[in-house]
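Since the structure of chain A is already known, use the hints to place chains B, C and D on it.
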Amino acid sequence: MALDKTGIAKRIAQELRDGWYVNLGIGIPTLVANYIPEGIDVEFQSENGILGMGPFPFEGEEDPDLINAGKQTITVRNGASFFDSATSFAMIRGQHVQLTVLGAMEVSQNGDIANWKIPGKMVKGMGGAMDLVASAENIIVAMMHSNKAGESKILKACTLPLTGVGCVKKVVTELAVLEIKDGKFHLIERAPGVSVEEIISKTEGDLVVPDVVPEMQL
Amino acid sequence: MALDKTGIAKRIAQELRDGWYVNLGIGIPTLVANYIPEGIDVEFQSENGILGMGPFPFEGEEDPDLINAGKQTITVRNGASFFDSATSFAMIRGQHVQLTVLGAMEVSQNGDIANWKIPGKMVKGMGGAMDLVASAENIIVAMMHSNKAGESKILKACTLPLTGVGCVKKVVTELAVLEIKDGKFHLIERAPGVSVEEIISKTEGDLVVPDVVPEMQL
Amino acid sequence: MNKVVKDVEQALEGIQDGMTLMVGGFGLCGIPENSIAHLVKMGVKNLTCISNNAGVDDFGLGLLLQAKQVKKMISSYVGENDEFERQMLSGELEVELIPQGSLAERCRAGGAGIPAFFTPAGYGTEVAEGKEVRVFNGKPHILEAALTADYAIVKAWKGDTEGNLVFKATARNFNPMMAMAGKITIAEVEELVPAGSLDPNFIHTPGIFVQRIFQGDSFEKRIEQRTVRSKN
Amino acid sequence: MNKVVKDVEQALEGIQDGMTLMVGGFGLCGIPENSIAHLVKMGVKNLTCISNNAGVDDFGLGLLLQAKQVKKMISSYVGENDEFERQMLSGELEVELIPQGSLAERCRAGGAGIPAFFTPAGYGTEVAEGKEVRVFNGKPHILEAALTADYAIVKAWKGDTEGNLVFKATARNFNPMMAMAGKITIAEVEELVPAGSLDPNFIHTPGIFVQRIFQGDSFEKRIEQRTVRSKN
Numbered sequence: 001m002a003l004d005k006t007g008i009a010k011r012i013a014q015e016l017r018d019g020w021y022v023n024l025g026i027g028i029p030t031l032v033a034n035y036i037p038e039g040i041d042v043e044f045q046s047e048n049g050i051l052g053m054g055p056f057p058f059e060g061e062e063d064p065d066l067i068n069a070g071k072q073t074i075t076v077r078n079g080a081s082f083f084d085s086a087t088s089f090a091m092i093r094g095q096h097v098q099l100t101v102l103g104a105m106e107v108s109q110n111g112d113i114a115n116w117k118i119p120g121k122m123v124k125g126m127g128g129a130m131d132l133v134a135s136a137e138n139i140i141v142a143m144m145h146s147n148k149a150g151e152s153k154i155l156k157a158c159t160l161p162l163t164g165v166g167c168v169k170k171v172v173t174e175l176a177v178l179e180i181k182d183g184k185f186h187l188i189e190r191a192p193g194v195s196v197e198e199i200i201s202k203t204e205g206d207l208v209v210p211d212v213v214p215e216m217q218l
Numbered sequence: 001m002a003l004d005k006t007g008i009a010k011r012i013a014q015e016l017r018d019g020w021y022v023n024l025g026i027g028i029p030t031l032v033a034n035y036i037p038e039g040i041d042v043e044f045q046s047e048n049g050i051l052g053m054g055p056f057p058f059e060g061e062e063d064p065d066l067i068n069a070g071k072q073t074i075t076v077r078n079g080a081s082f083f084d085s086a087t088s089f090a091m092i093r094g095q096h097v098q099l100t101v102l103g104a105m106e107v108s109q110n111g112d113i114a115n116w117k118i119p120g121k122m123v124k125g126m127g128g129a130m131d132l133v134a135s136a137e138n139i140i141v142a143m144m145h146s147n148k149a150g151e152s153k154i155l156k157a158c159t160l161p162l163t164g165v166g167c168v169k170k171v172v173t174e175l176a177v178l179e180i181k182d183g184k185f186h187l188i189e190r191a192p193g194v195s196v197e198e199i200i201s202k203t204e205g206d207l208v209v210p211d212v213v214p215e216m217q218l
Numbered sequence: 001m002n003k004v005v006k007d008v009e010q011a012l013e014g015i016q017d018g019m020t021l022m023v024g025g026f027g028l029c030g031i032p033e034n035s036i037a038h039l040v041k042m043g044v045k046n047l048t049c050i051s052n053n054a055g056v057d058d059f060g061l062g063l064l065l066q067a068k069q070v071k072k073m074i075s076s077y078v079g080e081n082d083e084f085e086r087q088m089l090s091g092e093l094e095v096e097l098i099p100q101g102s103l104a105e106r107c108r109a110g111g112a113g114i115p116a117f118f119t120p121a122g123y124g125t126e127v128a129e130g131k132e133v134r135v136f137n138g139k140p141h142i143l144e145a146a147l148t149a150d151y152a153i154v155k156a157w158k159g160d161t162e163g164n165l166v167f168k169a170t171a172r173n174f175n176p177m178m179a180m181a182g183k184i185t186i187a188e189v190e191e192l193v194p195a196g197s198l199d200p201n202f203i204h205t206p207g208i209f210v211q212r213i214f215q216g217d218s219f220e221k222r223i224e225q226r227t228v229r230s231k232n
Numbered sequence: 001m002n003k004v005v006k007d008v009e010q011a012l013e014g015i016q017d018g019m020t021l022m023v024g025g026f027g028l029c030g031i032p033e034n035s036i037a038h039l040v041k042m043g044v045k046n047l048t049c050i051s052n053n054a055g056v057d058d059f060g061l062g063l064l065l066q067a068k069q070v071k072k073m074i075s076s077y078v079g080e081n082d083e084f085e086r087q088m089l090s091g092e093l094e095v096e097l098i099p100q101g102s103l104a105e106r107c108r109a110g111g112a113g114i115p116a117f118f119t120p121a122g123y124g125t126e127v128a129e130g131k132e133v134r135v136f137n138g139k140p141h142i143l144e145a146a147l148t149a150d151y152a153i154v155k156a157w158k159g160d161t162e163g164n165l166v167f168k169a170t171a172r173n174f175n176p177m178m179a180m181a182g183k184i185t186i187a188e189v190e191e192l193v194p195a196g197s198l199d200p201n202f203i204h205t206p207g208i209f210v211q212r213i214f215q216g217d218s219f220e221k222r223i224e225q226r227t228v229r230s231k232n
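Protein chains in written order, with the working numbering: chain A, 1 to 218; chain B, 1 to 218; chain C, 1 to 232; chain D, 1 to 232.
Among the clues, some could well be false.
Said to hold, decoys possible - Listed next, with one range per pair, are the computed distances between beta-carbon atoms:
| no. | chain 1 | residue 1 | chain 2 | residue 2 | range |
| --- | --- | --- | --- | --- | --- |
| 1 | A | Glu61 | D | Asn46 | 50 to 58 Å |
| 2 | B | Gln95 | D | Lys131 | 18 to 26 Å |
| 3 | A | Asp41 | C | Val193 | 33 to 41 Å |
| 4 | D | Lys221 | B | Pro55 | 40 to 48 Å |
| 5 | D | Lys131 | A | Val208 | 43 to 51 Å |
| 6 | C | Gly18 | B | Ile200 | 51 to 59 Å |
| 7 | C | Met19 | D | Gly14 | 33 to 41 Å |
| 8 | C | Met19 | A | Lys184 | 48 to 56 Å |
| 9 | D | Asp199 | B | Gln95 | 55 to 63 Å |
| 10 | A | Pro214 | D | Glu96 | 48 to 56 Å |
| 11 | D | Asn137 | B | Ser152 | 32 to 40 Å |
| 12 | A | Asp41 | D | Val40 | 28 to 36 Å |
Unchecked claim - Where chain B lies over chain C, by a calculated footprint (3+ residues, C-beta under 8 Å):
| no. | stretch |
| --- | --- |
| 13 | 10-20 |
| 14 | 29-41 |
| 15 | 74-85 |
Stated by the list, open to error - If we take Cβ atoms under 8 Å as the criterion, some of the chain A residues that face chain D in the derived model are:
| no. | residue |
| --- | --- |
| 16 | Leu51 |
| 17 | Phe58 |
| 18 | Val76 |
| 19 | Asn78 |
| 20 | Gly79 |
| 21 | Phe83 |
| 22 | His96 |
To be clear, the hints were calculated from the coordinates, so they are not data collected in a lab. Here the structure is a predicted model, which is why all the values come from computation and not from measurement. Beta carbons: idealized from backbone N, C-alpha and C, even for Gly.
If we strip away everything but chain A, and leave its shape as in the complex, we get:
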């Protein structure tokens, strides 16, 4: 069965490594913070200027001066720090953040990503996404395999304006974990109960399928 958003977040959480600083984008990526594997110590960076983000505040304890990049009220953990936007992106551009998880509208088999603009329709801006994808050594895209019209978002080439080129290494969807290597998608894992055929049929880009495709262990 295809994963729900929580399932995608849980699978991505398995990619976390002890000691990493991690930037989580808005949407599914934010949920990853809820499923940190035991024994793993990671610290969350939010590009509006905080390291050491904690959970949402208790009702009545919201502080308008303390938000994340999704403008949500948050709290801080012991050892947190606040800094200005230039320092925040110094961390990101300078590759001090080990992992970036973000959503996408399209990903191509050479690692291009599009997630900020639909010409003539939706122009909200790229926010910090272009800096994040251009700089991070390790980018995981969390997204649905297809769009609402049922078209694959895992493409030979992106059709929407790009956010970054050749930067995505891994994609986790409700159906599969894909790695991008040598200009192709590689099927690494499938969601529990999802057939390889379904993944092939819903993937427009070139897909390398090994003989055995293990199921995700969630």
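Just chains B, C and D now, with coordinates in the frame of chain A:
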């Protein structure tokens, strides 16, 4: 009579304007802080990372963590701030400092300055001087008219490695106040009792001498 | 060096039609509310506003958009604002979108006398169009230019009479860089204190970057996305 | 994320002959004394040291120079050190002199992923030789490249177990930028405190830039130019 170092500092202090942030170099420039005209509020910046420098500490109250760019122990005034070296030079390069006063080995009539190196002999480094002279809109050089060998330091062209090009606007020596304009030195004032002839004889660079050269009022 | 002005009216004196303003804040967090409200009252028009976001329809810079005072917005993210989207798609409003890190660094550069720098952000995208590309360490970068403004308007938690500023939590965001990049920088603070009250070790924005400072009359500090968890 | 190491020995583990080190401090102010002393003990050689100054003959980086452990110094000002001048003029020691502001900005750039930037400092001088010149706003600038180091060694006043640092007065100087630019950054602190003890609003160097932290055994904090006034 030619001025002593104190006299040069006093004359330069007359150039201060209310509300200016000022960077004083090592040596004579440092003395300028002692002669701020009444009613004038200026703030001193030192490039190692302080705004709002106060006088030297009382004996026994020296703090090794609190020094100026000359490595001298200092104190702070109310409203002072400390910052890192990048921020300090952001202030300087970004022209937030209104006046720079520094010493020189040579100044040329097109405003070049040399003050950091005597090839094969003295190579201490430029410190912050190159940033200061390249950025400041308003630079006053405080120096002796001649070197120890009796040779003029007010030249047609510098002979030593340059610190900056075309940047010096005004020079105050023990003999005179000179302005640099249109590729020439202009004699603005002479030290009390010093003759125009003496200044002319000790100036190697082209010197424009008006009919009347007022004496400095100290 | 006393930088205190009486009120918001005196603080914003000199802002005229057609000027470029930097306005601090991220979303509605850390925005100079009192100054924005007064800009609406002043009615200055054809402004170019450099601000990470454009507020919401009825708060923050959204108020200036509603009043059609803005000719051009330079931002990184302008969602959450229907009137903005309408004016942009209809062509009434000129919009330049800049990656958030490049926006922050371009403001810092403007204040720091760095006319241009190379960054990898935006290479291979629309953002890179017309910009010089150069490869460093095998990776392509684009050349980005400094940004400055006629006036920068920032909001701080505390400020002293000499213009030293301290920000609270994530309300810091773009305020320090914009303070550096304004030809004239106006700081609106929640609490104005005498010089000497703030620890010189912990000043976020040294007073040299601030030309005018005043204590704001009132701060609504609206929350854009109230997210909470229950107590058990 | 605990960054604490037991002592200076563990902190400097991995530093080898021929490496590039950044060392914080301005003159003798804010230098990592304990680490420098241990570098002498380790006897690592052929080091390239990036540091604003070179210490004095018998303190600071002067100790490494005395022991002939330094192949190259990258600094802005190296007066106050006779042994340094001797080694430099005799050609034993390679020296690259950089304007102080460019040095600070190049370290920051290295830590911030900015491979190069334009600055007016040094145009028309030896420093500009071989560097690209470009005119912005009618003023010539030169292109300067980022600096990074295998290890950056910085000294802070207080630090917590997560590597967050706070500096005192002008002992801050180059330490924060060098902390950003080290592939591995080692912080030596006067006082090591538990995470949560430092106010997150007033952290000078966020822990993300620091890989190892330890409390130094002793700090001499020698004063280079003791200047005082009398009490009356």
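Hints and how they fare:
1. A:Glu61 with D:Asn46: 50 to 58 Å: Once the Cβ atoms are compared, 56 Å apart, the range 50 to 58 Å for D:Asn46 and A:Glu61 holds.
2. B:Gln95 with D:Lys131: 18 to 26 Å: For D:Lys131 against B:Gln95, whose Cβ atoms are near 22 Å apart, the range 18 to 26 Å holds.
3. A:Asp41 with C:Val193: 33 to 41 Å: holds, 39 Å
4. D:Lys221 with B:Pro55: 40 to 48 Å: At 21 Å between Cβs, range violated.
5. D:Lys131 with A:Val208: 43 to 51 Å: Cβ of D:Lys131 to Cβ of A:Val208: about 47 Å, so the range 43 to 51 Å holds.
6. C:Gly18 with B:Ile200: 51 to 59 Å: The hinted range 51 to 59 Å holds for C:Gly18 and B:Ile200, with Cβ atoms some 52 Å apart.
7. C:Met19 with D:Gly14: 33 to 41 Å: violated, 54 Å
8. C:Met19 with A:Lys184: 48 to 56 Å: holds, 52 Å
9. D:Asp199 with B:Gln95: 55 to 63 Å: violated, 33 Å
10. A:Pro214 with D:Glu96: 48 to 56 Å: Given range 48 to 56 Å: holds, Cβ gap about 54 Å.
11. D:Asn137 with B:Ser152: 32 to 40 Å: This hint holds: roughly 35 Å between Cβ atoms.
12. A:Asp41 with D:Val40: 28 to 36 Å: holds, 35 Å
13. 10-20: violated (count 0)
14. 29-41: violated (count 0)
15. 74-85: violated (count 0)
16. Leu51: Where the cut-off is 8 Å and the nearest Cβ of chain D is about 5 Å from A:Leu51, the hint holds.
17. Phe58: With a closest approach of 19 Å, the A:Phe58 hint is violated.
18. Val76: holds, 6 Å
19. Asn78: holds, 3 Å
20. Gly79: holds, 3 Å
21. Phe83: Holds. Min distance 6 Å.
22. His96: holds, 5 Å
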